[in-house]
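There are 2 protein chains.
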Amino acid sequence: MNAPFADLRIDRDRLWQRLVDLGEVGAVPGPNGERGNARLALTDADRDGRELVVTWMRDLGLTVAIDAIGNVIGTRAGTDPTAAPVMTGSHIDTVRTGGRFDGNLGVLAGLEVIETLEQNGIATERPIQVAFFTDEEGARFAPDMLGSLVFVGGLPLEDALDALAADDGARLGDELDRIGFAGPTPCPTAAPPAAFVELHIEQGPVLEAHAVTIGVVTGVQGISWTELTVTGRSAHAGTTPMRLRKDPLVPVAAVIVEASRLANEMNETAPDSQVATVGRVDVFPDLVNVVADSVTFTLDLRNTSEDLLRTAEHRMESFVAGSCAAAGCTVESTTLARFEPVEFDASMIARVERVATSLGLSSMRMPSGAGHDAQMLARVCPTSMIFVPSVDGLSHNIAEFTDPEDIAAGANVLLHTLLELAMNAA
Amino acid sequence: MNAPFADLRIDRDRLWQRLVDLGEVGAVPGPNGERGNARLALTDADRDGRELVVTWMRDLGLTVAIDAIGNVIGTRAGTDPTAAPVMTGSHIDTVRTGGRFDGNLGVLAGLEVIETLEQNGIATERPIQVAFFTDEEGARFAPDMLGSLVFVGGLPLEDALDALAADDGARLGDELDRIGFAGPTPCPTAAPPAAFVELHIEQGPVLEAHAVTIGVVTGVQGISWTELTVTGRSAHAGTTPMRLRKDPLVPVAAVIVEASRLANEMNETAPDSQVATVGRVDVFPDLVNVVADSVTFTLDLRNTSEDLLRTAEHRMESFVAGSCAAAGCTVESTTLARFEPVEFDASMIARVERVATSLGLSSMRMPSGAGHDAQMLARVCPTSMIFVPSVDGLSHNIAEFTDPEDIAAGANVLLHTLLELAMNAA
Chain A
1 MNAPFADLRI DRDRLWQRLV DLGEVGAVPG PNGERGNARL ALTDADRDGR
51 ELVVTWMRDL GLTVAIDAIG NVIGTRAGTD PTAAPVMTGS HIDTVRTGGR
101 FDGNLGVLAG LEVIETLEQN GIATERPIQV AFFTDEEGAR FAPDMLGSLV
151 FVGGLPLEDA LDALAADDGA RLGDELDRIG FAGPTPCPTA APPAAFVELH
201 IEQGPVLEAH AVTIGVVTGV QGISWTELTV TGRSAHAGTT PMRLRKDPLV
251 PVAAVIVEAS RLANEMNETA PDSQVATVGR VDVFPDLVNV VADSVTFTLD
301 LRNTSEDLLR TAEHRMESFV AGSCAAAGCT VESTTLARFE PVEFDASMIA
351 RVERVATSLG LSSMRMPSGA GHDAQMLARV CPTSMIFVPS VDGLSHNIAE
401 FTDPEDIAAG ANVLLHTLLE LAMNAA
Chain B
1001 MNAPFADLRI DRDRLWQRLV DLGEVGAVPG PNGERGNARL ALTDADRDGR
1051 ELVVTWMRDL GLTVAIDAIG NVIGTRAGTD PTAAPVMTGS HIDTVRTGGR
1101 FDGNLGVLAG LEVIETLEQN GIATERPIQV AFFTDEEGAR FAPDMLGSLV
1151 FVGGLPLEDA LDALAADDGA RLGDELDRIG FAGPTPCPTA APPAAFVELH
1201 IEQGPVLEAH AVTIGVVTGV QGISWTELTV TGRSAHAGTT PMRLRKDPLV
1251 PVAAVIVEAS RLANEMNETA PDSQVATVGR VDVFPDLVNV VADSVTFTLD
1301 LRNTSEDLLR TAEHRMESFV AGSCAAAGCT VESTTLARFE PVEFDASMIA
1351 RVERVATSLG LSSMRMPSGA GHDAQMLARV CPTSMIFVPS VDGLSHNIAE
1401 FTDPEDIAAG ANVLLHTLLE LAMNAA
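Listed in order, the protein sequences are those of chains A and B.
Numbering-wise, the numbering used here puts 406 at position 406 of the first sequence, and it's gapless, one number per residue.
Numbering-wise, the numbering used here puts 1370 at position 370 of the second sequence, and it's gapless, one number per residue.
Derived by calculation from the structure, the hints in this document are not laboratory data.
A virtual CB, placed ideally from N, CA and C, is assigned to each residue, including glycine.
Treat the hints loosely; a few may be bogus.
[Claimed, not checked] Partner residues aside, some chain B positions facing chain A, computed with beta carbon under 8 Å:
1. Asn-1120
2. Thr-1218
3. Ala-1235
4. Gly-1238
5. Pro-1241
6. Val-1283
7. Val-1291
8. Ser-1333
9. Thr-1334
10. Ala-1370
11. Gly-1393
[Stated by the list, open to error] Chain B regions said to be covered by chain A (calculated; three or more residues, Cβ under 8 Å):
12. 1069 to 1078
13. 1205 to 1217
14. 1242 to 1251
15. 1260 to 1271
Throw the hints in and build the complete structure from the sequences for me.
Structure below.
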């Protein structure tokens, strides 16, 4: 931490108020007084949220640039005209029943950092940028993290503009035009930042379970999503003896048990490394007295190690084949998504950890189990992330909540990390 | 078999033609030329089917009586005015995508027996009755086998008349009036038959698998239907380590595997006795990347032995409780249906078996896995059933089919069984 600024802190209440104000745009009230958010990407609600944040950016004196995929970047100039900027940010689109913190925190904490620097008359050598990226959630347009993916050149702009909405079939490019956020800045970017730091809620229970305030994110788990359909033979549940059945649900159930067992076994040697989830099971015809004809289900495998992830994939593939064959059933599988793990920059990870410690905050290193814009930025510059605790691990839920003290703690880590990075342009 | 009538046979083509003609009422065409049936109880299509069968009954000289729940009984007089009648019959209502044989066969084979006796000038001591009972399928009004249940006094008439349709909410009594089948004959019956014999398609694969023509039905399996809801805690599939999860789908999957394993184990000592089926599984929220919050599923257990059925129930109940507790989940269960097994009359079973053998037909004793009107009649008189093979075990399916030769074989067993019973009034 830069000694001259050791006592510098963000304004907790000001940041909280911006979270509340943005949360009122597309607010979804809950049964127990919760205020959730529904600002699906490029809807009218997303436009209203974007316009509010742009207003705040301009009020803070930032230069606002909107690129061709609708990513918005506010820049505070530095003193060194040749230095590449340091960037922070996240997203402000939400899922249909989202919370007020997921994404929004990373953007508004960036603005809070800017306002803190302004109020204290602190100039930095490098410019500091606060960005929000289009359609991070992927709830309306696939794939998720679309805006940051295009920003780093991972998906051609034209393909992204042609994406169609899952809800109403609208074309992404048309929706950008409609809400006035098809900007003139070229995308992918010609000038990647010198570094990227993203503050985000954990969206899981680990920090809370360990009573730790700051998660120092080491990378993002690799993801393997497979959809499998197992087909047997429908039959009357009363008249068909067990030995004459081909019930697809029996091998599927064995696969569900095995996925959980395998992950637990792998975690004995690599703790909390592997997760395995069957979240969707659709039985056809789904009647009490009919042996199923077919069962479609999804298998979500994640690991921070590509080698271990491949091991899990191969072992499950083999188990599925054996179980289905033994039950006289056939199986078809489709890969829905496959991303290798992302490892963040070692010096960036160490920097976040050091800043947290110097601020007197408890911290622990952890991978991210969810995808984030930071994993796309990691393709073009040194990147890290800061996590703060989610109450009950809840996210994508209107009851999503993070304590204001934890919010402030995370924003202070962001402040000093950005300050260090922006003061060392050499 | 009565020696004077040893060569008596029904007319295969005449019976087949009646099956085809009744099948055209409420016909549902299939993609491969199949002709299925949709004559849900007390709909216009059911009325049209009823009127056709009543016309056939009258053409054969039967006296037609309609009772207060809409059961229709055609009676051919006997020579002994004091003798109780021998009854056969089944039902002509179907499920929404039913076949032409389920139920219809038992009614139309009864008419074919009458016509064969008429053509050959054979008088019987006892009257012979051909009945079709209201709402056997239960597809429109619960419970199933409603008409025969009321007929034997198992359900008060007024309760049955107040049943509401699952599709349009209509009251059963109003629908009976509307289609003109609320008859004047009191119900429950004051004069139970001397015996009841029902010919039915097997609706399962056992006869076909054994290449046997006649199933000599020994009784009806007891049924235990339970709906269970297991509740855990919804969580993000990426951010929630295995050790912090309460995933309800994992114990549910273990229960599905165990149900199948237990039934197979029980069948080692009592072959083909126990069946266990999980046919319905509804996961909430059913998303690829969300650990389920709750899972609702059904467990269908059936056994011909009440003792064994209770054993299966207790062992599954214990397994469910243990699995859910180990996973940190809670479980609630509701009994959807529970019927004890029905055992048919030993001498009636032996009679059907002997008749089949004397006709040179292969036969095997077997329980019924599905419910039938005969199980209700068994409460008031000696009862048995005759099964004929279902191609591929299919039923409640427009592809339901039974070979005309097997249809004729079953009808000839019915003919001679009824003839024996009706000739021995003493």
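Against the structure, the hints come out as follows:
1. Asn-1120: 35 Å, violated
2. Thr-1218: Cβ of Thr-1218(B) sits 14 Å from chain A, so the hint is violated.
3. Ala-1235: This hint holds: Ala-1235(B) lies near chain A, its Cβ roughly 6 Å from the closest one there, short of 8 Å.
4. Gly-1238: Because about 3 Å separates Gly-1238(B) from the closest Cβ in chain A, which is inside the 8 Å limit, the hint holds.
5. Pro-1241: Since the shortest Cβ distance to chain A is 4 Å, the answer is holds.
6. Val-1283: 5 Å, holds
7. Val-1291: This hint holds: Val-1291(B) lies near chain A, its Cβ roughly 6 Å from the closest one there, short of 8 Å.
8. Ser-1333: 13 Å, violated
9. Thr-1334: 12 Å, violated
10. Ala-1370: Holds, about 5 Å.
11. Gly-1393: Since the shortest Cβ distance to chain A is 6 Å, the answer is holds.
12. 1069 to 1078: Contact hint for the region 1069 to 1078 of chain B vs chain A: violated, 0 residues under 8 Å.
13. 1205 to 1217: holds (count 3)
14. 1242 to 1251: holds (count 6)
15. 1260 to 1271: holds (count 4)
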